[in-house]
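**Q** Protein chains in written order, with the numbering used here: chain A, 1 to 114; chain B, 1 to 112.
Please keep in mind that the hints were generated in silico from the structure rather than gathered at the bench. Errors might be hidden in some of the hints.
Said to hold, decoys possible - Stretch by stretch, here's where chain A covers chain B in the computed footprint (C-beta under 8 Å, at least three residues):
| hint | segment |
| --- | --- |
| 1 | 8 to 16 |
| 2 | 22 to 28 |
| 3 | 67 to 75 |
| 4 | 78 to 84 |
| 5 | 100 to 112 |
Stated by the list, open to error - Only pairs whose alpha carbons sit at most 25 Å apart, straight line, appear in this in silico SDA-like list of lysine to any residue:
| hint | chain 1 | residue 1 | chain 2 | residue 2 |
| --- | --- | --- | --- | --- |
| 6 | A | Lys101 | B | Asn65 |
| 7 | A | Lys22 | B | Gly42 |
| 8 | A | Lys49 | B | Lys9 |
| 9 | B | Lys9 | A | Phe46 |
| 10 | A | Lys113 | B | Leu98 |
| 11 | A | Lys101 | B | Lys14 |
| 12 | B | Lys14 | B | Thr100 |
| 13 | A | Lys69 | B | Asp26 |
| 14 | A | Lys69 | B | Asp38 |
| 15 | A | Lys113 | A | Pro18 |
| 16 | A | Lys69 | A | Asn41 |
| 17 | A | Lys49 | B | Ser67 |
| 18 | A | Lys49 | B | Arg77 |
| 19 | A | Lys113 | B | Lys14 |
| 20 | A | Lys22 | A | Ile51 |
| 21 | A | Lys101 | B | Thr5 |
| 22 | A | Lys101 | A | Ala1 |
| 23 | A | Lys101 | A | Leu82 |
| 24 | A | Lys49 | B | Met41 |
| 25 | A | Lys22 | B | Asn28 |
| 26 | A | Lys113 | A | Lys69 |
| 27 | A | Lys49 | B | Asp99 |
| 28 | A | Lys77 | A | Asn55 |
| 29 | A | Lys101 | A | Asn30 |
C-beta: ideal position from N, C-alpha, C; glycine also.
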Amino acid sequence: AQSVAQPEDQVNVAEGNPLTVKCTYSVSGNPYLFWYVQYPNRGLQFLLKYITGDNLVKGSYGFEAEFNKSQTSFHLKKPSALVSDSALYFCAVRANTNAGKSTFGDGTTLTVKP
Amino acid sequence: NAGVTQTPKFQVLKTGQSMTLQCAQDMNHEYMSWYRQDPGMGLRLIHYSVGAGITDQGEVPNGYNVSRSTTEDFPLRLLSAAPSQTSVYFCASSREGLDTQYFGPGTRLTVL
Chain A
1 AQSVAQPEDQ VNVAEGNPLT VKCTYSVSGN PYLFWYVQYP NRGLQFLLKY ITGDNLVKGS
61 YGFEAEFNKS QTSFHLKKPS ALVSDSALYF CAVRANTNAG KSTFGDGTTL TVKP
Chain B
1 NAGVTQTPKF QVLKTGQSMT LQCAQDMNHE YMSWYRQDPG MGLRLIHYSV GAGITDQGEV
61 PNGYNVSRST TEDFPLRLLS AAPSQTSVYF CASSREGLDT QYFGPGTRLT VL
């Protein structure tokens, strides 16, 4: 079985400061890792993904994520947070042993204060 | 492209009623999925499909049926609604099984 853990329900940062939203995963086979963002009353939007290759993945809106195989982690980062980054963030995993099934974390609410 | 569309946006049902949530995509994606989103529980997979005529159960399939007669459409049927099915339902599609998913805007369902 595959699983995703987002250990923080809430992350608060000041505008201009760096942010990190944590994600760890468990999967059989090679992981395909994703970050999605959800704004209030909207569907999820894709931010970035890791399939293979460089461990540092760059995505939309200045976000990046670092894949760490030994720690089975895929933390989302941004060097300088904006108030408009405030939203609900989901980490998700797919695996080549179970194509078509995605497992999502419980989500982390990011609040960026001016 | 309209992407992934869902209807209705809101629905109120009484316990025991049945209904179908509609989902359609115009991207010619093979893979489609239904999720429910409940506070503090993330998204949980209900059913998914790897192509027309092929469906499989996800994490929480009980009380829901699906079929996939065309590539474009993937309706979700509630057979006999229960208050525990009050949730926000999202449909998603992807070109391949390991690819990025594209989500619809969701259906907010309340069962009284």
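**Q** Indicate, hint by hint, whether the structure satisfies it.
**A** Hints, verified against the model:
1. Coverage of the segment 8 to 16 of chain B by chain A is violated [criterion: at least 3 residues with CB-CB distance below 8 Å; count 0].
2. Look at the segment 22 to 28 of chain B against chain A: 0 of its residues bring a Cβ nearer than 8 Å to a Cβ of that chain, fewer than three, so the hint is violated.
3. With 0 residues bearing a CB less than 8 Å from a CB of chain A, the segment 67 to 75 of chain B misses the requirement of three and the coverage assertion fails.
4. Against chain A, the segment 78 to 84 of chain B contributes 0 residues with a C-beta closer than 8 Å to a partner C-beta. That does not satisfy the three-residue criterion, and the hint is violated.
5. With 7 residues carrying a beta carbon less than 8 Å from a beta carbon of chain A, the segment 100 to 112 of chain B meets the three-residue requirement, and the given coverage holds.
6. The suggested pairing of Lys101 of chain A with Asn65 of chain B holds, with an alpha-carbon distance near 17 Å, which does not exceed 25 Å.
7. Of the supplied pair hints, the one linking Lys22 of chain A and Gly42 of chain B holds, its CA atoms being roughly 15 Å apart against a limit of 25 Å.
8. Of the supplied pair hints, the one linking Lys49 of chain A and Lys9 of chain B is violated, its CA atoms being roughly 29 Å apart against a limit of 25 Å.
9. Our distance criterion of 25 Å between C-alpha atoms is met by Lys9 of chain B and Phe46 of chain A, whose separation comes to about 21 Å.
10. Taking the CA atoms of Lys113 of chain A and Leu98 of chain B, the gap is near 36 Å; set against the 25 Å cutoff, the hint is violated.
11. A threshold of 25 Å between alpha carbons decides the hint, and for Lys101 of chain A with Lys14 of chain B the separation of about 31 Å lies outside it, so the pair is violated.
12. With a C-alpha separation of about 36 Å, the suggested pairing of Lys14 of chain B with Thr100 of chain B is violated against the 25 Å cut-off.
13. Under the criterion of a C-alpha separation no larger than 25 Å, the hint pairing Lys69 of chain A with Asp26 of chain B is inconsistent with the structure, at around 36 Å.
14. For the suggested pair Lys69 of chain A and Asp38 of chain B, the alpha carbons sit about 30 Å apart, so the restraint of at most 25 Å is broken.
15. For a cut-off of 25 Å, the pair hint linking Lys113 of chain A to Pro18 of chain A stands: about 12 Å separates their Cα positions.
16. Note on Lys69 of chain A and Asn41 of chain A: the hinted pairing is violated, with a Cα-Cα distance of about 34 Å set against a maximum of 25 Å.
17. Simply put, Lys49 of chain A and Ser67 of chain B have alpha-carbon atoms about 29 Å apart, too far for the 25 Å limit, and the pair is violated.
18. At roughly 31 Å between alpha-carbon atoms, Lys49 of chain A and Arg77 of chain B are farther apart than 25 Å, so this suggested pair is violated.
19. Only pairs whose Cα atoms come within 25 Å are accepted, and Lys113 of chain A paired with Lys14 of chain B is rejected, the gap being roughly 41 Å.
20. This hinted pair checks out: Lys22 of chain A and Ile51 of chain A have alpha carbons roughly 18 Å apart, not beyond 25 Å.
21. Of the supplied pair hints, the one linking Lys101 of chain A and Thr5 of chain B holds, its CA atoms being roughly 20 Å apart against a limit of 25 Å.
22. With a C-alpha separation of about 11 Å, the suggested pairing of Lys101 of chain A with Ala1 of chain A holds against the 25 Å cut-off.
23. About 33 Å separates the Cα atoms of Lys101 of chain A and Leu82 of chain A, which puts this hinted pair outside 25 Å; it is violated.
24. Only pairs whose Cα atoms come within 25 Å are accepted, and Lys49 of chain A paired with Met41 of chain B is accepted, the gap being roughly 22 Å.
25. Note on Lys22 of chain A and Asn28 of chain B: the hinted pairing is violated, with a Cα-Cα distance of about 33 Å set against a maximum of 25 Å.
26. Distance restraint check for Lys113 of chain A and Lys69 of chain A: the Cα-Cα separation of roughly 33 Å exceeds the 25 Å cut-off, and the hinted pair is therefore not satisfied.
27. Our distance criterion of 25 Å between C-alpha atoms is met by Lys49 of chain A and Asp99 of chain B, whose separation comes to about 9 Å.
28. In summary, the hint linking Lys77 of chain A to Asn55 of chain A is supported, as the alpha carbons are separated by about 13 Å, within the 25 Å threshold.
29. Distance restraint check for Lys101 of chain A and Asn30 of chain A: the Cα-Cα separation of roughly 14 Å lies within the 25 Å cut-off, and the hinted pair is therefore satisfied.
Violated hints, listed in ascending order, are 1, 2, 3, 4, 8, 10, 11, 12, 13, 14, 16, 17, 18, 19, 23, 25, 26; each of the other numbered hints is respected by the structure.
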